[in-house]
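These protein sequence lines are chains A and B, in that order. The numbers in the working numbering rise by one with no breaks, and the one at position 307 of the first sequence is 307. The numbers in the working numbering rise by one with no breaks, and the one at position 182 of the second sequence is 182.
Keep in mind that the hints were calculated from the coordinates and are not lab data. Check before you lean on any hint, since a few could be wrong.
Unchecked claim - Covered by chain A, per the in silico footprint, the following chain B stretches (three or more residues, Cβ under 8 Å):
1. 12 to 26
2. 147 to 155
What the hints assert, rightly or not - Here are the simulated distance ranges between beta carbons:
3. B:Q65 x A:R279: 36 to 44 Å
4. B:W43 x A:K454: 33 to 41 Å
5. B:S61 x A:R271: 18 to 26 Å
6. A:S251 x B:T169: 52 to 60 Å
7. B:Q65 x A:P445: 42 to 50 Å
8. A:S254 x B:G165: 54 to 62 Å
What the hints assert, rightly or not - Reference excerpt, derived from the structure (chain B facing chain A, CB under 10 Å, subset only):
9. D8
10. M53
11. V191
For glycine and all other residues, C-beta sits at the position ideal for the given N, C-alpha and C.
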Amino acid sequence: MFKSIRWNFLIWQTVLLLLVVGGFGATLFGLVRHARMSEVDTHLETSADLVSSVAFRWLRPRRGRGGRSRGSNRRFGRETFGRGALGGDRERGPEGEPPAPLNGPRPEPGSPRGPRGRLPPGFEDRFNPDAEGSPYFGLWTSDGKLLESLNLPEELLDSGQQNVEGTRIQRIRRAGREGRELSQPGPRGLRMVTGRFIDKELQELRQLAWLLFATGLGVLVVGFGGGWFLSKRAIRPIEDISEAAERVSASNLSERVPIDENKSELGRLARVLNGTFERLEAGFQEQRRFVADASHELRTPVSVILAQTETSLVRERSAEEYREVVEACHRAARRMKALVSSLLTLARSDSGELALERQTCDLKSITEDVAVMVAPLAEERGVRVELNLEDAAVHGDPEAMSQVLANLLTNAISYNESGGHVEVGLKPVDERVVLTIQDTGVGIPEEHRDQIFKRFYRVEEERTRKVGGSGLGLAISRQIIEAHAGSIGFESEVGVGTTFTVSLPQAHAPAD
Amino acid sequence: MRVLVIEDEPDLRRALVQALREEGYAVDSAEDGEEGLYKATSWEYDALVLDLMLPRLDGLSLLEQLRPQRDTPVLILTARDSVSDRVRGLDRGADDYLAKPFELTELLARLRALIRRSAGAADSRLELGEVLVDTAARTVSRSGQSVNLTAREYSLVELLALHRGKLVTRAQIYEHLFDENEDSLSNLVDVHISNVRKKLGKDFITTRRGHGYLIA
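Turn these sequences into a full structure, and let the hints steer you where they fit.
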């Protein structure tokens, strides 16, 4: 699975998304939390200020009581605050209305109890037990005696206050609730602790966290789903190409990969593949044609041998008749031999295995030898061969050179008429050796000009066959010449004649 | 029966001509398309053996030009063997297609079938009263007894038997029994007719005076 582009992409995408969304969420959460906590702390500090500002009131010794007030810590001295101390002391109204605020309606003049002193504005709201966070404070003397407190958690009541230097806010946990607490020195050497619980804030934060988590998860899921779908669409063309390419095989090379212009990267891939298939198909077709042509060529001599021998064997024949049959078979066999060795040469040169010797060849004497060899043919056809040779040497294989010369000369003689004439010229020109074979023969018609070097191509079937040719001569000659770094060309006019020209690099006689 | 062999490969042509002659056919030959077309349209042949790769006029073109004039059965004999080649040859008007190299026996059998078919006879054995002509074995028997006929006599019997009920003129008999090289007197036909009557019965062949012969 990990090898799949698609899955790789999806996994990386998800990881990336996870990081981004997670980072974003965490940052957001962190910021919000920080803001909330700062808010709380600020709130706490102002609460502490409020306490601080009235702290001195509690420095006066209490009437009738000494030491620390005991009991509910929610009571202030009534003397201090009058009726309706903060917290549980406050009574509801006669009809059950909520207790009157401390700083409440102006006392009617003449009422039995009036406020002994005014608390700073906001104090009651702040330290109201119904207030958010159930705020509390505690005030200790420098020797740890609790002077006054409101809503103070049990633990602090008894613990007293250590003599802690400095001011600090910390996260605390009292009575099972989370909160923030500020402890600082108060006026006149007092220690102050102000705190509030942050359940609500924490809950809000928790909700936010869950929301962010859920959203993040949603984004991941959507991202994953979208990615899955999109990557499938993106990968599809690759799969199409693969499928099309799979269908291509040796027997089905005409198949092509579909090219969708929109997808430019893949379009290029498709084009390249198609180009490759094109070349392969051409190569295969050429090979097929070659095999077909070759087997076709072989069929005729085989048919001859078959027909001749089968007929002959039907009954007893005379020695003369047998002789004729044998001669016919012999001719056919020689044709096959020539064909087979030509084919082998071509095949070898195709695969680059042409084993050519590298010698210094005396082209002049090779040409003379070949002329002698074709003399009987020339005489038979009434064609005169004339040699016009200068000394010329090339680097190469003498056998191969001989073969080329034989082929060209034979063509010149056979595509000629009785009374015709062939002239062979050989001379060095600059760094090259130029061989010309000119005939006064029938010429090569326009439509054949491009084809004559092709394998098995014959301009006139009959002429070629009469000299035992198979149409491979020029193809082989060209390959040999090109293997010797030479070139071959021709000029021709129908009814007038043809001149073949071969150019080869000159060999310099070794200095010995 | 007379057959024309059109094949440019000399050794092959010679072998074919000899084989067919020895089978009892009168055989003419041509070595290029033009000559082949000329002969095919000049005389009545019972079958043509046609090579496709011919000089001057190739086999398919020859067929194209021949067909409007003649419906002679044509067997294509060629080294071109692909399906498309076969289809093309048959569609152009050939009746059969045999690839080289081939077995002589197959060629002969296909030729016999072609000739039989073109005369409208499906069976290779023709029953003519008491006489049974086996065109595959090239034998004739009368009332179950095999009858010895010369090659020429057999050819004559086969010709008349395949065209049973139809009148065959003397000239036609002549044309179907002798090839172009044979200088024969036309009364040779009468001689063969009378020999056949001797061997197979007077009534075997009916004479239509001034017109020709037929087997009823």
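For the stretch 147 to 155 of chain B, do at least 3 residues have a Cβ located nearer than 8 Å to some Cβ of chain A? It is violated: at least three residues are needed, and the stretch 147 to 155 of chain B offers just 0 whose Cβ sits closer than 8 Å to chain A.
Inset, instruction - Please test the hint of 52 to 60 Å on the beta carbon pair from S251 (chain A) and T169 (chain B). - result: 57 Å, holds
_For the hint 18 to 26 Å, verify it against the beta carbon of S61 (chain B) and that of R271 (chain A)._
43 Å, violated
Exercise for review: Mind checking the hinted window 42 to 50 Å against the Cβ distance between Q65 (chain B) and P445 (chain A)?
Suggested key: 23 Å, violated
Grab the minimum C-beta distance from V191 (chain B) to chain A and call the hint holds if it beats 10 Å, violated otherwise.
26 Å, violated
Are S254 (chain A) and G165 (chain B) spaced within 54 to 62 Å by their CB atoms?
With Cβ atoms ~55 Å apart, the hint holds.
Hey, does the D8 (chain B) contact hint survive, CB to chain A under 10 Å?
Where the cut-off is 10 Å and the nearest Cβ of chain A is about 7 Å from D8 (chain B), the hint holds.
Task: Whether the CB-CB distance between W43 (chain B) and K454 (chain A) falls inside 33 to 41 Å - done: 40 Å Cβ-Cβ, so the 33 to 41 Å window holds.
Examine the stretch 12 to 26 of chain B: at least three residues should have C-beta closer than 8 Å to a C-beta of chain A.
Since three or more residues must qualify, the claim that chain A covers the stretch 12 to 26 of chain B holds, with 7 doing so at under 8 Å.
message = M53 (chain B) was flagged as interface toward chain A. Is the shortest Cβ-Cβ separation under 10 Å?
response = 7 Å, holds
| Quick one: are Q65 (chain B) and R279 (chain A) within 36 to 44 Å, going by C-beta? | Because 42 Å falls inside the window, the suggested range holds.
Checked against the numbered hints above, the structure breaks hints 2, 5, 7 and 11 and satisfies the rest.
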